[in-house]
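Trainee: So the chains spell out like this:
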Amino acid sequence: AQSVTQLDSHVSVSEGTPVLLRCNYSSSYSPSLFWYVQHPNKGLQLLLKYTSAATLVKGINGFEAEFKKSETSFHLTKPSAHMSDAAEYFCVVISGGGADGLTFGKGTHLIIQP
Amino acid sequence: NAGVTQTPKFRVLKTGQSMTLLCAQDMNHEYMYWYRQDPGMGLRLIHYSVGEGTTAKGEVPDGYNVSRLKKQNFLLGLESAAPSQTSVYFCASSYWSVASSYEQYFGPGTRLTVT
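Quick mapping for you: the protein sequence lines, in order, are chains A and B.
Every letter in the first sequence is one number past the one before it in our numbering, and letter 63, counting from 1, is 63.
Every letter in the second sequence is one number past the one before it in our numbering, and letter 80, counting from 1, is 194.
Each hint should be verified, as a subset may be incorrect.
To be verified - Interface residues of chain B toward chain A, partial, derived using beta-carbon atoms under 7 Å:
id : residue
1  : A116
2  : P153
3  : L157
4  : L226
To be verified - Pairs of lysine-lysine residues, derived as BS3-like cross-links and limited to a Cα-Cα distance of at most 25 Å, are as follows:
id : chain 1 : residue 1 : chain 2 : residue 2
5  : B       : K184      : B       : K171
6  : A       : K69       : A       : K58
7  : B       : K171      : A       : K106
8  : A       : K42       : B       : K123
9  : B       : K123      : A       : K106
Quick caveat, the hints were computed from the structure, so don't treat them as lab data.
The model shown is predicted, which means the values in this text are computed figures rather than measured ones.
Heads up, the beta-carbon is just placed ideally off N, CA and C, and yes, glycines get one too.
The shape of chain A in the complex, shown without the other chains (with noise of 0.2 Å):
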């Protein structure tokens, strides 16, 4: 079975300072990894996805995570917050046969301070 944990559910930073949002998982097969955003009152949109293809995935808005088998761990990053990026974010993890749904960590919140 698969699991994720999200290790703050929030997280404070100020505006052009980086950003850290931390997930580790658990899988019993080589994982696909899943960040998403969600903005209040909004869905779901994609930021970014490992697929066992490069370890250090690069998606929107200047967010990247970096996939470490050894850690188990896919952390998403970002170099300058902007007062848009403030939102709850999922880390997901699909793996097995995949068809049969998500898992998701019970989020972060994350406050940009002006």
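Based on these hints, arrange chain B on the given structure of chain A.
Mentor: Only chain B this time, still in chain A's reference frame:
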């Protein structure tokens, strides 16, 4: 190309009432899903379908039923609503390819309140 759409966007029910949420996708995706989102819980899978005419239970299926009579539609039913089913419901669809690896496309959500 509308992607994934959900009907209705908002609904208030009284305990014991029934309703059906409709999800439609125009991307010819094989797989469809229903999730619920509760504060601090992320999204949890209710039911899913791997093809027309097939459905399966997810993590939290109790109190819900689903049907996939047409490939493009996936219906979620609540036969007797309970306050514990107050939530935001998201539908998603996906397909498999080496590049996509079951990446899911989400609808805008339905906010349901049961009083």
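Trainee: Each of the hints needs a verdict: does it hold here or not?
Mentor: Verification of the supplied hints:
no.: 1; hint: A116; result: violated (13 Å)
no.: 2; hint: P153; result: violated (9 Å)
no.: 3; hint: L157; result: holds (5 Å)
no.: 4; hint: L226; result: violated (14 Å)
no.: 5; hint: B:K184 to B:K171; result: holds (18 Å)
no.: 6; hint: A:K69 to A:K58; result: holds (17 Å)
no.: 7; hint: B:K171 to A:K106; result: holds (21 Å)
no.: 8; hint: A:K42 to B:K123; result: holds (11 Å)
no.: 9; hint: B:K123 to A:K106; result: holds (23 Å)
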